[in-house]
Amino acid sequence: MNQKEQLDELVREFNVPSFIERDPIRFPRRFTRLQDIEVSAVLTSVITWGKRSSILNDADKMHRVMGYAPYDYIMSKEWEGLRHSRKNIHRTFFEHDLHDLCRSLYAYYSENESLEDLFTPENGGVLKGLARFGAMADMRHVTASIDTSPCKRTNLMLRWLVRNDGIVDLGVWTKIRPADLIIPLDTHVCRIARRLWSNDLPKTDRMATALKITERLKDMCPEDPCKYDFALFGLGEAGGVFPFSRL
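The sequence shown begins at 1 in the numbering used here and counts up one residue at a time.
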């Protein structure tokens, strides 16, 4: 079995419906209105770092604050009461940080229907969209500069919203191709990728590394390279035996 076949096997193992309930994607999947899905995806992805059980507990806590109605919460400006709150939501993310994000989302949705337009090919594509998204007022909590960060959390959000295989990811955005996505580069993905392609990757875990890994994955599946996020992340998180030879 070659490397592609083994990665495809891992995708089939981890990209399954049972994955949803133990993953943060379960929160945006609760909704049917596009804007609810988008707001939930943004805010959930913001706190998707650290211990999985804490992420799930804290994402639920944040959705309770929003009354499980994310878009209505944004547009009703109920978040204004959080401006000076020091109550913790997740690790270094507090209610006053949630206030800042909600204010930015309110300003955006007051003039636009969907966040998708930030990332479309007509507006410069995913890379420029990441920069544009991060440049929105108070979106520093969402994504750092593409020059210094792999923008893991925003790329994870994009995977949720764009990939459309009907299994785990939602696929509610249709103007962006899965082929244009960038791998969400977290510690698990990076560790496994470096075992596979250590001689071909930059030394630092920045956007250049995420793009290089994505290019290697495109060699295996040009139309949907980020399906392998399930394989690399799943194997890394499980701490499984590494079965692949280096290229």
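To be clear, the hints were calculated from the coordinates, so they are not data collected in a lab.
Among the hints, a few may not be true.
[Said to hold, decoys possible] Derived DSBU-like pairs (lysine-lysine); straight-line CA-CA distance at most 35 Å:
{"id": "1", "residue 1": "LYS4", "residue 2": "LYS175"}
{"id": "2", "residue 1": "LYS218", "residue 2": "LYS87"}
{"id": "3", "residue 1": "LYS77", "residue 2": "LYS218"}
{"id": "4", "residue 1": "LYS87", "residue 2": "LYS61"}
{"id": "5", "residue 1": "LYS77", "residue 2": "LYS87"}
{"id": "6", "residue 1": "LYS175", "residue 2": "LYS51"}
{"id": "7", "residue 1": "LYS128", "residue 2": "LYS4"}
{"id": "8", "residue 1": "LYS128", "residue 2": "LYS77"}
{"id": "9", "residue 1": "LYS128", "residue 2": "LYS203"}
{"id": "10", "residue 1": "LYS212", "residue 2": "LYS77"}
{"id": "11", "residue 1": "LYS51", "residue 2": "LYS61"}
{"id": "12", "residue 1": "LYS61", "residue 2": "LYS77"}
{"id": "13", "residue 1": "LYS87", "residue 2": "LYS51"}
{"id": "14", "residue 1": "LYS128", "residue 2": "LYS61"}
{"id": "15", "residue 1": "LYS61", "residue 2": "LYS4"}
{"id": "16", "residue 1": "LYS218", "residue 2": "LYS4"}
{"id": "17", "residue 1": "LYS128", "residue 2": "LYS175"}
{"id": "18", "residue 1": "LYS175", "residue 2": "LYS212"}
{"id": "19", "residue 1": "LYS51", "residue 2": "LYS4"}
{"id": "20", "residue 1": "LYS51", "residue 2": "LYS77"}
{"id": "21", "residue 1": "LYS51", "residue 2": "LYS203"}
{"id": "22", "residue 1": "LYS203", "residue 2": "LYS77"}
{"id": "23", "residue 1": "LYS218", "residue 2": "LYS128"}
{"id": "24", "residue 1": "LYS87", "residue 2": "LYS212"}
{"id": "25", "residue 1": "LYS203", "residue 2": "LYS4"}
{"id": "26", "residue 1": "LYS218", "residue 2": "LYS51"}
{"id": "27", "residue 1": "LYS212", "residue 2": "LYS51"}
{"id": "28", "residue 1": "LYS203", "residue 2": "LYS175"}
{"id": "29", "residue 1": "LYS203", "residue 2": "LYS218"}
[Said to hold, decoys possible] So the derived label-pair ranges between C-beta atoms look like this:
{"id": "30", "residue 1": "GLU5", "residue 2": "LEU127", "range": "25 to 33 Å"}
{"id": "31", "residue 1": "GLY171", "residue 2": "GLU13", "range": "15 to 23 Å"}
{"id": "32", "residue 1": "PRO202", "residue 2": "ARG33", "range": "34 to 42 Å"}
{"id": "33", "residue 1": "LYS51", "residue 2": "ILE20", "range": "26 to 34 Å"}
{"id": "34", "residue 1": "ALA135", "residue 2": "THR32", "range": "38 to 46 Å"}
Ideal Cβ positions, reconstructed from N, Cα and C, are used throughout, including at glycine.
Tested hints:
1. For the given pair, LYS4 sits about 28 Å from LYS175 by alpha-carbon distance, which is consistent with the 35 Å threshold.
2. Between the alpha carbons of LYS218 and LYS87 the distance comes to roughly 43 Å, so the proposed pair goes past 35 Å and is violated.
3. The suggested pairing of LYS77 with LYS218 is violated, with an alpha-carbon distance near 42 Å, which exceeds 35 Å.
4. Restraint check for LYS87 and LYS61: satisfied, since their Cα atoms lie roughly 11 Å apart, inside the 35 Å limit.
5. For the suggested pair LYS77 and LYS87, the alpha carbons sit about 18 Å apart, so the restraint of at most 35 Å is met.
6. Only pairs whose Cα atoms come within 35 Å are accepted, and LYS175 paired with LYS51 is accepted, the gap being roughly 33 Å.
7. The straight-line distance between the Cα atoms of LYS128 and LYS4 is roughly 30 Å, inside the 35 Å bound, and the hint therefore holds.
8. Proximity of LYS128 to LYS77 is assessed by CA-CA distance (about 29 Å); at most 35 Å being required, the pair is judged to hold.
9. With a CA separation close to 24 Å, the supplied pair LYS128 and LYS203 stays within the 35 Å bound.
10. At most 35 Å may separate the alpha-carbon atoms for a hinted pair to count; LYS212 and LYS77 exceed this at roughly 41 Å.
11. Restraint check: the Cα-Cα separation between LYS51 and LYS61 comes to about 15 Å, which is no more than 35 Å; the hinted pair holds.
12. About 19 Å separates the Cα atoms of LYS61 and LYS77, which keeps this hinted pair within 35 Å; it holds.
13. Of the supplied pair hints, the one linking LYS87 and LYS51 holds, its CA atoms being roughly 20 Å apart against a limit of 35 Å.
14. Restraint check: the Cα-Cα separation between LYS128 and LYS61 comes to about 32 Å, which is no more than 35 Å; the hinted pair holds.
15. Distance check on the hinted pair: LYS61 and LYS4 sit about 40 Å apart at the alpha-carbon level, beyond 35 Å; violated.
16. The suggested pairing of LYS218 with LYS4 holds, with an alpha-carbon distance near 11 Å, which does not exceed 35 Å.
17. Taking the CA atoms of LYS128 and LYS175, the gap is near 15 Å; set against the 35 Å cutoff, the hint holds.
18. For the hint linking LYS175 to LYS212, the alpha-carbon distance of about 24 Å falls within 35 Å, and the restraint holds.
19. Taking the CA atoms of LYS51 and LYS4, the gap is about 29 Å. The hint holds against a cut of 35 Å.
20. Taking the CA atoms of LYS51 and LYS77, the gap is about 31 Å. The hint holds against a cut of 35 Å.
21. Our distance criterion of 35 Å between C-alpha atoms is met by LYS51 and LYS203, whose separation comes to about 25 Å.
22. Distance restraint check for LYS203 and LYS77: the Cα-Cα separation of roughly 44 Å exceeds the 35 Å cut-off, and the hinted pair is therefore not satisfied.
23. Note on LYS218 and LYS128: the hinted pairing holds, with a Cα-Cα distance of about 20 Å set against a maximum of 35 Å.
24. For the hint pairing LYS87 with LYS212, the CA-to-CA distance comes to about 39 Å; that exceeds 35 Å, so the pair is violated.
25. Among the hinted pairs, LYS203 with LYS4 is consistent with the structure: their alpha-carbon atoms are about 24 Å apart, no more than 35 Å.
26. Our distance criterion of 35 Å between C-alpha atoms is met by LYS218 and LYS51, whose separation comes to about 30 Å.
27. Among the hinted pairs, LYS212 with LYS51 is consistent with the structure: their alpha-carbon atoms are about 27 Å apart, no more than 35 Å.
28. At roughly 33 Å between alpha-carbon atoms, LYS203 and LYS175 fall within 35 Å of each other, so this suggested pair holds.
29. Between LYS203 and LYS218 the CA atoms are separated by roughly 21 Å; this keeps the pair inside 35 Å, and the hint holds.
30. A hinted range of 25 to 33 Å for the beta carbons of GLU5 and LEU127 is consistent with their spacing of about 31 Å.
31. At roughly 21 Å, the beta carbons of GLY171 and GLU13 sit within the given window of 15 to 23 Å.
32. Evaluation of the 34 to 42 Å hint for PRO202 and ARG33 yields a pass: the beta carbon distance comes to about 40 Å.
33. At roughly 19 Å, the beta-carbon separation of LYS51 and ILE20 lies outside the given 26 to 34 Å, and the hint is violated.
34. Between ALA135 and THR32 the beta carbon distance is about 30 Å. The supplied range of 38 to 46 Å is therefore violated.
Of the numbered hints stated above, those contradicted by the structure are hints 2, 3, 10, 15, 22, 24, 33 and 34, listed in ascending order.
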